[in-house]
Amino acid sequence: MTLWTGPTYAQGVIETAGLPTEASADVPALRITGLVKDYGRVHAVRGIDLEVRRGEVFGFLGPNGAGKTTTIRCILDLLRPTAGRIEVLGLDPRSDGVAVRQRIAYVPGELRLPERQTGHQLVAAIARLRGGLPADRERELAERLGVDLSRRLRDLSSGNRRKVALLLAFLSNAELLVLDEPTNGLDPLMQHEFLRLAREAREAGTTIFLSSHVLSEVQRAADRVAVVRSGKIVAQGTVEELRGRARQRVDVWFLDAPPTAELALLPGIEDQLVEGHRFAAVLSGPIQPLLEVLARHPVVTMLVEEPDLDEAFLDLYEAAS
Amino acid sequence: MNAVGRWLELVVGPFRASWRAGAGWTIAFVLLVVSTVAFWPAFKGSTALDAAFQALPQAMLEAFGLQDFATPAGYLRGGLYEVIVPLMFAAAGVTFANSATAGEEDAGRLELLLAQPIKRRAFLAGRSVAILGWIVGLAIVVLVAQLLSDAAFDLEIADSRVISTVVLCGLLGTVYAGLAIAIAGILARPGLVLSVGLGLSLVGYLVAALFPLSDVLAPWAHLSPWDWALGGDPLVNPAEAWRFGALVVPALALVFFGIVAFERRDIRSA
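Heads up: the sequence lines are chains A and B, in that order.
Under this note's numbering, the first residue of the first sequence carries the number 14, and numbering increases by one thereafter.
Under this note's numbering, the first residue of the second sequence carries the number 1209, and numbering increases by one thereafter.
You may find that some hints are simply not true.
Some but not every residue of chain B turned toward chain A, in silico, with C-beta under 7 Å [as the list claims (entries may be wrong)]:
{"#": "1", "residue": "Asn1210"}
{"#": "2", "residue": "Ala1315"}
{"#": "3", "residue": "Gly1316"}
In case anyone wonders, no lab produced these hints; they're calculated from the structure.
We put the beta carbon where it would ideally sit given N, CA and C, even for glycine.
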């Protein structure tokens, strides 16, 4: 068991920052092994394995119903896994729940806040439960997120309620932020502000587990990504690696006739089209074999469309289904 | 200091959240007690009413607490403490418990709370204390309203009898609150908690009131918490100490059961 020497609080003032110590830096922020969660005959999670390193932003991508929220609720010990093991900052959320939750902050996807309380009252209540939150940072975050904490939560729009939840998460100075669809209902300006806050938190050493189905958001924020579908991880890697797995459209203009026989033998090439000296195709996987063929023939110009994560994501889904 | 603040939040938070319901119950209890006692001068020493009641079977009179209606103890028993006040305490206990536990969970409002560094058992224990706080508060309200009304409308009855009767009614409320917490500990279904809690409150009354009318069923009347609380006619006779214990122990056992069940299950999301 790891001895935690992270943030401690006293009378609303954070005494130390939430940076991992040298002793704890080797322990991953999150390690999930063989996680299974069934609801009777419904298999919500069918064996998820993943590891989130300290200080990274980890994107957890998947469509609605893929098992993202179920996985997150198991991490927080709100759900009890059917099988598998979860370690959060080296601790078991079941047996060391209080210690784990002291070090993590959570923004639920389906946000339900006490409607009769004001934002200030909610922040004060959570501060008492967490042993204190920094009041000066509360004001700063409220200004940055543009939320009025003096208003009753029931009088706030869903977007503003989400800002309150985000404020609570970033205010906590937790070592691990678990954010489930954090920008749901936020306008583009606030989505941008959220990304800034996430980057700042990451720079301060905080790990972020970012669950989302908004690909562009994950693409901009995440260091590494896991794609989940039907309760299983179907791909995992850096954003660049996922992008590399995406299909990309390639157009090549040769000086002479295209070497179609050679090109047809390339792995992952499909939808080939030859029009005079032009060769077009869709390429899956690495581009290196194509470049090797092109190096042996005079090429006038070529165009390779940069694949984005949307494309990679959809390809993965099509492959998995 | 942090631990104290945490505990205060776990108790004071849900207590404060129930203030509307608490205010409603307070008004209802005060109006009921004061308006009932206000009619006492009209019934005081009325032989005609007693004579009219005598036409009914004795067992029926006892079932509804209407014997000796022209005496102070008989009037309070028949008008308030045989059925209405204990039933209101039971209903208050069930509804407070339901809204603080299953109702909140069903609405998805426990998600953020239980993601904080608190134990589930501390969370539910804190809510149980808050519910107990409201029942104690209502018992004090009823007691004060009763004693002041007695003095104002010249209803002469020993304060000790009134105190023990109100306390027993309050404890009956905690038993049914405990039952609601136990059910909510197993399942976050507010409809189920309410229907089973209120239904068993009514069944408890019927068992204690009607079973004694049958020679065969009479011994089973002692299974009802209503019989433990009010079977000794505490407005007339000094209440035995075991009756208090007989209500406290199952109330605590039910809360404990609810906490154990709550610790083991999944938390429902919105």
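Verification of the supplied hints:
{"no.": "1", "hint": "Asn1210", "in the structure": "4 Å, holds"}
{"no.": "2", "hint": "Ala1315", "in the structure": "6 Å, holds"}
{"no.": "3", "hint": "Gly1316", "in the structure": "4 Å, holds"}
Checked against the numbered hints given earlier, this structure breaks none of them.
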